[in-house]
Amino acid sequence: MTIEPTEIALRLKPLFREAFPDADTDSFGPGTAADDVVGWDSMAHVGLMAAIEDEFQVQFDPDEVTGFANVGELVALIARKVDDA
Amino acid sequence: MPEAPAFEPVTAAALRADPARALSLAELACSAQPVFYELFPLPWPEIVDGVAMQLAEPGFDMEHVFVLRDGQDAAVIAGVAMPLLPASQMAAMAALLRLVPGPQKKTFLTRMRAYAASVEPIHDTGHYISRVAVAPERRGKGLGRGVVGEYGRRLGPQKVHLHVHRDNAPAVALYLSLGYVPRSNGDYVFAAYTREP
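Residue numbers (our numbering), protein chains in the order written: chain A, 1 to 85; chain B, 1001 to 1197.
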């Protein structure tokens, strides 16, 4: 199964809003990194990854949980996992 | 006279081949961090199952596991290189969070955030040890000192860090006697201690 990056980005928006309620998540782009985002700490990160697993029906390997540098790489990771599923 | 237990590494592959031992070792490892695992809104057997899975797969914060063994695992200790600690702890948390029912995830994460604030941060080089536990029927024989001391010797001249509950007087005394010193006077429930090289 494949999924377009634009669809992934769209479906990520509510998950970002839920994970980072104090951040301006509408301004997130491919280059947005955790350090740029208010409230993107380790707990918020783990919660976000759990929400992504539920939304896209994928399961991240241990090294994938933190294996991306920005939102663009996260989208690519999700696309890869959905492809492999 | 019975032989002294042997200090041995336990690999993830060995535990994949022996699920019963993985479960038993996970039970022991979980007993070292009751406050942490009690936060999970899960039945104890599910938590132990989840930790057994982590012991049997690479990439989590129990990267290295050693036991004192004399036919059974009498004591355990786990460790991970400091640079790998944050990512491996998040991977472990994510794996356990997967077991938490959806509606309870948010509440659980709030509780976990409060727990994290009670743990003194360590930003340093070296190695981090955790899950120091002795089987209940083997306590009082110096096996805790045995695993911490022997692992520390094997790590050689590098910094070694750990956390201990501030009210766990016997553990604090053990770590002080082995050269671990508090990293600060901070008022954390789980204080960080370091053994310098």
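Some hints here could point you the wrong way.
Some residues of chain A that are not near chain B, with every Cβ distance over 12 Å (derived) [claimed, not checked]:
id, residue
1, MET1
2, THR32
3, PHE60
4, VAL75
Across the chosen pairs, the derived CB separations fall in these ranges [unchecked claim]:
id, chain 1, residue 1, chain 2, residue 2, range
5, B, PRO1009, A, ARG11, 41 to 51 Å
6, B, TYR1115, A, GLU55, 23 to 33 Å
7, B, GLU1150, A, THR6, 51 to 61 Å
8, A, GLY29, B, GLU1046, 33 to 43 Å
9, B, PRO1197, A, GLY67, 45 to 55 Å
10, B, ARG1069, A, GLY29, 45 to 55 Å
Simulated from the structure, these hints should not be mistaken for lab results.
Quantities reported herein were computed from a predicted structural model and do not represent experimental measurements.
Using N, Cα and C, we set each Cβ at its ideal position, and we do this for glycine too.
Here is what the structure says about each hint:
Once the 12 Å rule is applied to beta carbons, MET1 (chain A) is consistent with being away from chain B; the minimum gap is 21 Å. The non-interface label for THR32 (chain A) is consistent with chain B: the shortest C-beta to C-beta separation is roughly 19 Å, beyond 12 Å. At roughly 7 Å, the least C-beta separation between PHE60 (chain A) and chain B is not larger than 12 Å, which violates its mark as non-interface. Residue placement check: VAL75 (chain A) keeps its beta carbon more than 12 Å from all beta carbons of chain B (closest about 18 Å).
The hinted range of 41 to 51 Å is satisfied by PRO1009 (chain B) and ARG11 (chain A), whose Cβ atoms lie roughly 43 Å apart. The hint said 23 to 33 Å for the Cβ distance between TYR1115 (chain B) and GLU55 (chain A), and at roughly 26 Å that hint holds. About 55 Å separates the C-beta atoms of GLU1150 (chain B) and THR6 (chain A), a value consistent with the hinted range of 51 to 61 Å. Restraint check, GLY29 (chain A) to GLU1046 (chain B): a C-beta distance of roughly 39 Å satisfies the suggested window 33 to 43 Å.
Distance hint for PRO1197 (chain B) and GLY67 (chain A): a CB-CB separation of about 31 Å, inconsistent with the stated range 45 to 55 Å. For ARG1069 (chain B) paired with GLY29 (chain A), a C-beta distance near 53 Å keeps the hint of 45 to 55 Å intact.
In summary, the structure is inconsistent with hints 3, 9 from the numbered list given earlier, while agreeing with the others.
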